[in-house]
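> Position chain B against the provided structure of chain A, taking the given hints into account.
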Amino acid sequence: MRVLIVAEHSGGKLNAATAKCVSCASKIGADIDVAVFAADSAAVAEQAAKLAGVKKVLKVDHAANAEPLAAVLAPQVAAVAAGYTHVFGPSSTFGKDLMPRVAALLGVGQLSDIMSVEAPHRFRRPIYAGNAIITVEAPASQKLVATVRVASFQPVDSTGSAAIEAAQVSADLPAHTRFVSRSAAATGRPDLQTAARVVSGGRALGSAENFKIIYSLADKLNAGVGASRAAVDAGYAANELQVGQTGKIIAPELYFAIGISGAIQHLTGIKDARTIVAINKDGEAPIFEVADIGLVGDLFTILPELEKALG
Amino acid sequence: MSKILVGLKRVVDYNVRIRVKPDGTGIVTDGVKMSINPFDEIALEEALRIKERGGATEVIVVSIGPADTQHQLRNGLAMGADRAILVQSDAPIESLTAARVFLKLIEKESPHIVLLGKQGIDDDNNQTGQMLAALWNRPQATFASKIELEAAKAKVTREVDAGLETIEVDLPAVFTSDLRLNEPRFVKLPEIMKAKKKPLEVLPIASLGVDCAPQFKTLKYDPPAVRQKGTMVKDVAGLVAALKQKGLLA
Numbered sequence: 001m002r003v004l005i006v007a008e009h010s011g012g013k014l015n016a017a018t019a020k021c022v023s024c025a026s027k028i029g030a031d032i033d034v035a036v037f038a039a040d041s042a043a044v045a046e047q048a049a050k051l052a053g054v055k056k057v058l059k060v061d062h063a064a065n066a067e068p069l070a071a072v073l074a075p076q077v078a079a080v081a082a083g084y085t086h087v088f089g090p091s092s093t094f095g096k097d098l099m100p101r102v103a104a105l106l107g108v109g110q111l112s113d114i115m116s117v118e119a120p121h122r123f124r125r126p127i128y129a130g131n132a133i134i135t136v137e138a139p140a141s142q143k144l145v146a147t148v149r150v151a152s153f154q155p156v157d158s159t160g161s162a163a164i165e166a167a168q169v170s171a172d173l174p175a176h177t178r179f180v181s182r183s184a185a186a187t188g189r190p191d192l193q194t195a196a197r198v199v200s201g202g203r204a205l206g207s208a209e210n211f212k213i214i215y216s217l218a219d220k221l222n223a224g225v226g227a228s229r230a231a232v233d234a235g236y237a238a239n240e241l242q243v244g245q246t247g248k249i250i251a252p253e254l255y256f257a258i259g260i261s262g263a264i265q266h267l268t269g270i271k272d273a274r275t276i277v278a279i280n281k282d283g284e285a286p287i288f289e290v291a292d293i294g295l296v297g298d299l300f301t302i303l304p305e306l307e308k309a310l311g
Numbered sequence: 312m313s314k315i316l317v318g319l320k321r322v323v324d325y326n327v328r329i330r331v332k333p334d335g336t337g338i339v340t341d342g343v344k345m346s347i348n349p350f351d352e353i354a355l356e357e358a359l360r361i362k363e364r365g366g367a368t369e370v371i372v373v374s375i376g377p378a379d380t381q382h383q384l385r386n387g388l389a390m391g392a393d394r395a396i397l398v399q400s401d402a403p404i405e406s407l408t409a410a411r412v413f414l415k416l417i418e419k420e421s422p423h424i425v426l427l428g429k430q431g432i433d434d435d436n437n438q439t440g441q442m443l444a445a446l447w448n449r450p451q452a453t454f455a456s457k458i459e460l461e462a463a464k465a466k467v468t469r470e471v472d473a474g475l476e477t478i479e480v481d482l483p484a485v486f487t488s489d490l491r492l493n494e495p496r497f498v499k500l501p502e503i504m505k506a507k508k509k510p511l512e513v514l515p516i517a518s519l520g521v522d523c524a525p526q527f528k529t530l531k532y533d534p535p536a537v538r539q540k541g542t543m544v545k546d547v548a549g550l551v552a553a554l555k556q557k558g559l560l561a
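First to last, the protein sequences are chains A and B.
The working numbering puts the first residue of the first sequence at 1, with every later residue one more than the last.
The working numbering puts the first residue of the second sequence at 312, with every later residue one more than the last.
In isolation and in its complexed conformation, chain A is listed as follows:
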């Protein structure tokens, strides 16, 4: 069996999601190769080659690969996928956009959000926002295209030294889809998706101005910043900070839910956090049902005190 993993990267940096996909693939007991699609993939390929368990890194350089457009990448991934039994990508917006298109080009279905590997063709995945977990069997007679729920896997170490090869891909690349721009907030804070610590604020913050105390605490803890859907919808925090079923699903070591009541859709996004701390003035809030440490009280009193205690 051979697994091909599509690397996610930006700005010459390999995304941590790729190391988690390798971790998932290593549970299958197969050869693992990583393909890097870029305008110039050299730097990313070198990082991918260090991932423990990777046998070979394929560089697919093409000017059209400068931005990750699914319509442009999919035919190339489908071409490189020949000879592999499994083709995996991360269940990030990058992977979710790309992998179903790859699967359809290959004429096969796609499995979304692998959370554990039971056997080379048997997996567990969440449905209904994580309110049920199903065990699914994929046909061994055909290629399996899937996305890996990155929050469910620990990244592999960077202790490997895989061979790096340039791959020649012949595929018709469409001109009907063009990249225009991307607005990413450069915050200098740890990335929400991969941060070991995350501090999230909810509706109780009351305003974008008040939300600044979340940033302040996060900086004290060297943590990433997140927000509940209610806080995002109210305009207190940017869209990309949303944690939950329809936002980001994260698995930090330490998670602070501040002024967040704990709607199911939010809890879905933090289920895999190692330790959840909840601070809320409503002692009956559902967040306390899942919190490892709970503190009932006014966040506007507690947060300054906590910052002080942290020194």
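Just to be clear, a hint being listed does not mean it is correct.
Said to hold, decoys possible - With a Cα cut of at most 25 angstroms, we get these calculated DSS-like pairs of lysine-lysine:
| no. | chain 1 | residue 1 | chain 2 | residue 2 |
| --- | --- | --- | --- | --- |
| 1 | A | K27 | A | K50 |
| 2 | B | K531 | A | K143 |
| 3 | A | K281 | B | K557 |
If you're looking for bench data, these hints aren't it; they were derived computationally from the structure.
Just so it is clear, the structure is predicted and the values come from calculations on it, not from any experiment.
The following block gives chain B in isolation, referenced to the frame of chain A:
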């Protein structure tokens, strides 16, 4: 005639608390309220707004499901769609099959836009739009939070992990809606009455000549692992002590 095809999936209403059957064979759906998938409702709202701005002349809502799905299609017609097509299938179908069904309807209707929700809140697959775009060999703009139409193309802002990404696609194209694309309108009583008279065509799935055989087999349904309720602390000092005890603070 410029048409927009909108997919409406019938799913367990998002307010229903999902329970796994004790024998692990499925989800409890007996007597449970069914609704239009919320993301699909957003897709329909966007189609209606595009039509109201003159960007289309007809909005067609399509669903694949059992006969009861006519209720959800009537709701779509009450929201403002012009006509509906139900591709009737009593067996659940996979995303690739859904994409193949949509492709058949595209060949018949020649829409310039297909709008779908980014995912069904039941399977959470997030696949059909991308698969359809691949089979149709046309652009896809997934997770759309803003769609701006120009003559034969569209500029779409997408919600991606890093923030917002804008791409330009030639039409026809497939768009999938994210949460913040719009807020669907409320349906008023007169529209519900009017919707009863709008055309609703029922096509047996077998009549489309599409391969419906499922590829994946669900062996078992389990409830999720439950997190144990932790400890409550009284004050900040207690919180700091608890974090230190877990080795999370030095």
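> Which numbered hints are broken by the structure, listed smallest first?
When the structure is compared with the hints, none of them turns out to be violated.
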